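K.L.:
Residue strings, one per chain:
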Amino acid sequence: NAGVTQTPKFQVLKTGQSMTLQCAQDMNHNSMYWYRQDPGMGLRLIYYSASEGTTDKGEVPNGYNVSRLNKREFSLRLESAAPSQTSVYFCASSEVGYVTTFGSGTRLTVV
Amino acid sequence: TQLLEQSPQFLSIQEGENLTVYCNSSSVFSSLQWYRQEPGEGPVLLVTVVTGGEVKKLKRLTFQFGDARKDSSLHITAAQPGDTGLYLCAGAFTNAGKSTFGDGTTLTVKP
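Here the protein sequences line up with chains X and L, keeping their order. If you're matching positions, the first sequence starts at 49 in our numbering and goes up one per residue. If you're matching positions, the second sequence starts at 77 in our numbering and goes up one per residue.
Okay, chain L solo, but in the shape it has when bound (with noise of 0.2 Å):
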């Protein structure tokens, strides 16, 4: 059973173009968060999310976390080659640290 479900799965824009990838569950969680992976590395954290409602922005990333904690978005806008990379979010229920993750969108800027 897959609990997040990230879509699209594969995203191909152009340099300079706006997009924004969905996070979405059924489950409540108590924080979510966005990973990027580069082919070869690990994930690397980018932000984390917490209270309903919250947005954060990190440059030109904007993360929003759904009102009932159970979604979550990510928007880039004017998306540049060095954004390439697969996209991973990952619900946590508790502090138990057992955190789920999507199956990841993966994009591709085109210069």
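The shape of chain X in the complex, shown without the other chains (with noise of 0.2 Å):
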């Protein structure tokens, strides 16, 4: 019972480069989402995708894209990597109209 799969779980990052987290679902959901939580700022939504083949900004879509692989993979991709990136960042998935089940988070420090 794997759930939500999330790599890597730390990474430091210099500015200006790139990389891609990568989420994997054992359930069989069609919902699936990236968020980040800062510190005093709660999870805000970074992207989701509805159903395999879709794609939708969240909150605070920018300096990142997304990459609805199949229905299982979900991944982010950070193209340039800025200080402000500096986030824990949670991949989840859904089959209902709210998040079930969330993975164990990537620590990710761009210095």
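I should point out that these hints are in silico values taken from the structure, not numbers from a laboratory. Keep in mind that this is a model prediction, so the values were computed, not measured. Cβ atoms here follow ideal geometry from the backbone N, Cα and C, with glycine treated the same way. Each hint should be verified, as a subset may be incorrect.
In silico BS3-like cross-links for lysine-lysine, where the CA-CA straight-line distance does not exceed 30 Å [as the list claims (entries may be wrong)]:
(1) Lys146(L) with Lys57(X)
(2) Lys105(X) with Lys146(L)
(3) Lys105(X) with Lys174(L)
The following residues of chain X were derived to be distant from chain L, with all beta-carbon distances above 12 Å [what the hints assert, rightly or not]:
(4) Gln59
(5) Gly64
(6) Ser66
(7) Gln85
(8) Leu117
(9) Arg120
(10) Leu126
(11) Ser132
(12) Leu156
(13) Val158
Once you've looked at the hints, go ahead and assemble the two chains, each given alone in its own frame, into the complex.
P.N.:
Dropping the structure here:
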């Protein structure tokens, strides 16, 4: 029962570097999400995918791109990392109109 | 604009005490969720409430959805150290999956 699996768990990037955060779920959920969590600011939605083949912007999409590779996988890409993107990133999935399952997070530091 | 306000932001109590945390908004939600998050982990869904006035109980935790579906409360009876964590509420407006999260209440229960 893996649920939602995120890789890597930790990452340090230099300003301007690019990277892709990977996420996979094994619950056959249609919807997948990417959130970022910053101290005192709760969880903010970056992008979500209501179903395979569709993606939509959330509250804070600037500086990010996503790919819904198939029903299981939803990746988040930072093309040119900035210190403001230092955060904890959570992938999540659901089969209903709200998030039911989160991954354990990727802790990203941009220096 | 913060759509969901949670209070208090921090709460530190002794084992055995009762407590209530609140989640308030000026918006009407189709459903509202409560999650608990432990350090280094993703949030875990505790409950979802859908009907105005609805009350749900989960062992020592009681969740209530306001009659107008704009607010919710979480009451914990006889708190235990294992209840320590960040409690997040989230509201969903439709079945589209774009939930809005509050900033959370950090609860510490001292033995």
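K.L.:
Could you tell me which of the hints above the structure violates, numbers in ascending order?
P.N.:
1 and 7
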